[in-house]
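For the sequence shown, full-length UniProt numbering gives the first residue as 1, with consecutive numbering after it.
Wrong hints could be hidden among the right ones.
Unchecked claim - EDC-like mimics (lysine to aspartate or glutamate), calculated; alpha carbons at most 20 Å apart, straight line:
no., residue 1, residue 2
1, K37, E57
2, K120, E130
3, K29, E50
4, K128, D108
5, K94, E130
It is worth saying that the hints were derived from the structure and are not from the lab.
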Amino acid sequence: MFHDDIAAMCAGPSLPRTSLGEAVQAYEKDGVDRMVKLWKQFALNLPSPEREQEIEEPFQTTPPLVWVKAYLSWRVRTGTARLGTRITVSTLQKEFQQLRRCLRLANDFSYPNRDVQVVKKYINNLAKTEGACTATRHKSVAYALDADEIQFYLWNCSERVYAHPRTMVQLSFLLHIISVWGLRTGEMTESSTHRGSNEGIHYGDVCLSLARCQDGVLRYQITIALRNRKFCRGNEGKV
């Protein structure tokens, strides 16, 4: 069935190409703006005329993988570090993800999965080739005051009867370590479904001792060694 208004729309002038700024959602804007700013700074290293094109309007063409790898190496050398002398591998992985998002928004392009895996492998190798940091930020599961409240409830208010009285001591000890050391529960507990897959911390890795503080008062001190963090072997651990 023929419709005059539909035919008029089809015969009308084509709309201009949507810009990156128009395509981005509000929640994405900060990350995309930051990525565009960094890419323009990196583009100074590109040959002409690509240099001028990328500085004027980034991501209108698909960057070859050699550009992406060069950008990541450039970020390791010039980026401002928060945990060490160089930015972290985790930061580089997030920036690569943000770069791919910019390309999807700008020209509806996505790298093939094969290329994505190649770049991810390259990012992991930057720890050796460029000195990218592998340290992780300390993230507490709960504030110490929250852990204290839970401990108070367990010992003074809870009516639950455990199968063994030592379970209460073990649970309290676990809560204390998690709150003070900022460990995630998956780094300490072992799933029966994947038995033997997690050797993040054992009882032998925890040393409880008395230490004299600067004011001369003796206080308890807990030293924890993480030997094999799950999925993070070879990275800098927390001791």
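Can you give the numbers of the hints that this structure goes against, from lowest to highest? Hints 3 and 4 not satisfied by this model.
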